[in-house]
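Chains as they are written, first to last, in our numbering: chain A, 4 to 196; chain B, 4 to 196.
Rather than coming from a laboratory, the hints here were simulated on the basis of the structure.
Take every hint as true, because none was put in to throw you off.
The list makes no distinction among identical chains, and a pair is therefore deemed to hold if it is satisfied within one copy or across any two copies.
With a straight-line cut-off of 25 Å between C-alpha atoms, the simulated DMTMM-like cross-links for lysine to aspartate or glutamate are:
1) K50 to D20
2) K50 to D21
3) K8 to E63
4) K50 to D158
5) K50 to D26
6) K8 to D26
These numbers were taken from a predicted model, which means no experiment stands behind them.
2 protein chains.
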Amino acid sequence: MQLHKRDVVEAATSLLDDYGIADLSMRRVARELAVSPGALYWHFASKQQLLGAVADRILEAITAPAAGPGHWRDRFVGICGRLREALLSHTDGAELVAASFAAGQSQTMADVLTQLSTAATDAGMTSGHAELAARTVIYYTLGFTANEQSRMQWDAAGADVAHTVWTDNPTARFDFGLGLLVDGIAAHNRADA
Amino acid sequence: MQLHKRDVVEAATSLLDDYGIADLSMRRVARELAVSPGALYWHFASKQQLLGAVADRILEAITAPAAGPGHWRDRFVGICGRLREALLSHTDGAELVAASFAAGQSQTMADVLTQLSTAATDAGMTSGHAELAARTVIYYTLGFTANEQSRMQWDAAGADVAHTVWTDNPTARFDFGLGLLVDGIAAHNRADA
Chain A
4 MQLHKRDVVE AATSLLDDYG IADLSMRRVA RELAVSPGAL YWHFASKQQL LGAVADRILE
64 AITAPAAGPG HWRDRFVGIC GRLREALLSH TDGAELVAAS FAAGQSQTMA DVLTQLSTAA
124 TDAGMTSGHA ELAARTVIYY TLGFTANEQS RMQWDAAGAD VAHTVWTDNP TARFDFGLGL
184 LVDGIAAHNR ADA
Chain B
4 MQLHKRDVVE AATSLLDDYG IADLSMRRVA RELAVSPGAL YWHFASKQQL LGAVADRILE
64 AITAPAAGPG HWRDRFVGIC GRLREALLSH TDGAELVAAS FAAGQSQTMA DVLTQLSTAA
124 TDAGMTSGHA ELAARTVIYY TLGFTANEQS RMQWDAAGAD VAHTVWTDNP TARFDFGLGL
184 LVDGIAAHNR ADA
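If we strip away everything but chain A, and leave its shape as in the complex, we get:
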């Protein structure tokens, strides 16, 4: 039976959801598919490439472009909100996507970076500053969501995690921080003008 690339990604995503990123290895995925590890390397040259494909699978839900261009502020909030939701919908999603983004292996994260850079340019930034601003917003989103997801997973596992400010509305908290960044981008541009 022919092994399709898509089957490998689906098997890896299922393993991620069931066991977490620490147990996601080429060997384990091969065993799940009842093929030899060598068969996977025909589709993916490295584990990093496979993780990048899993990252893009996790981010599928966010790739649909918005109906219109919209105001740059709304685009920042919309894109980052969808990114956070997608990360939360899979076990260790934030950690896996952050690693794939750092390795330059996720096409969707490259697209997100481009969309946010365009929004920052539309806000009035030069293209060099716009990419830095877009990256800043991405690091915040990944850092916030990794923290939120760690806490959720430990709570679910019954671990003794100290309860703090997290007990209420995380979405409002996420949006507050994002709002500070968007205000900072607007202030930066006023200073330039």
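With the hints as your guide, set chain B onto chain A.
Relative to chain A, chain B alone:
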């Protein structure tokens, strides 16, 4: 021979530096110290607690308070800059400290949160908003540094990582994003006034 808590933390930190966070287990630390795993549990009730102690060990360099209170902007930049440097000085430092912060197991990160919250209060924020602003700055710092460190470690390992904007001055890039956040905090307070 009596096993001191400090010896356990030192052995765990050495293992982290040599092999990374994935290989840091209670069993492995016990083997390194030539004691039974049970002997470690006398000092640390869980692996999470041990990781929290290692996080505090990594962050030792940043705990010295600044000479004077200073302007709130300078305190944000100083604290976050020292935090980033400390994280970069140990293998997987950003990932380990982020996990310990999420689990509420690092006393030093709790102190950093308090110091940044105080700075945000001094900037004119209410205490509730000040803690959210402080957390936002921490998530950015952890997200940025985890990304930077992943890339550095892969580059060192000779992995085929796509080269992007990262090839030049990461400190200037880190400071640019932090500047956006600080500007956002200042803008937020003007809006409140």
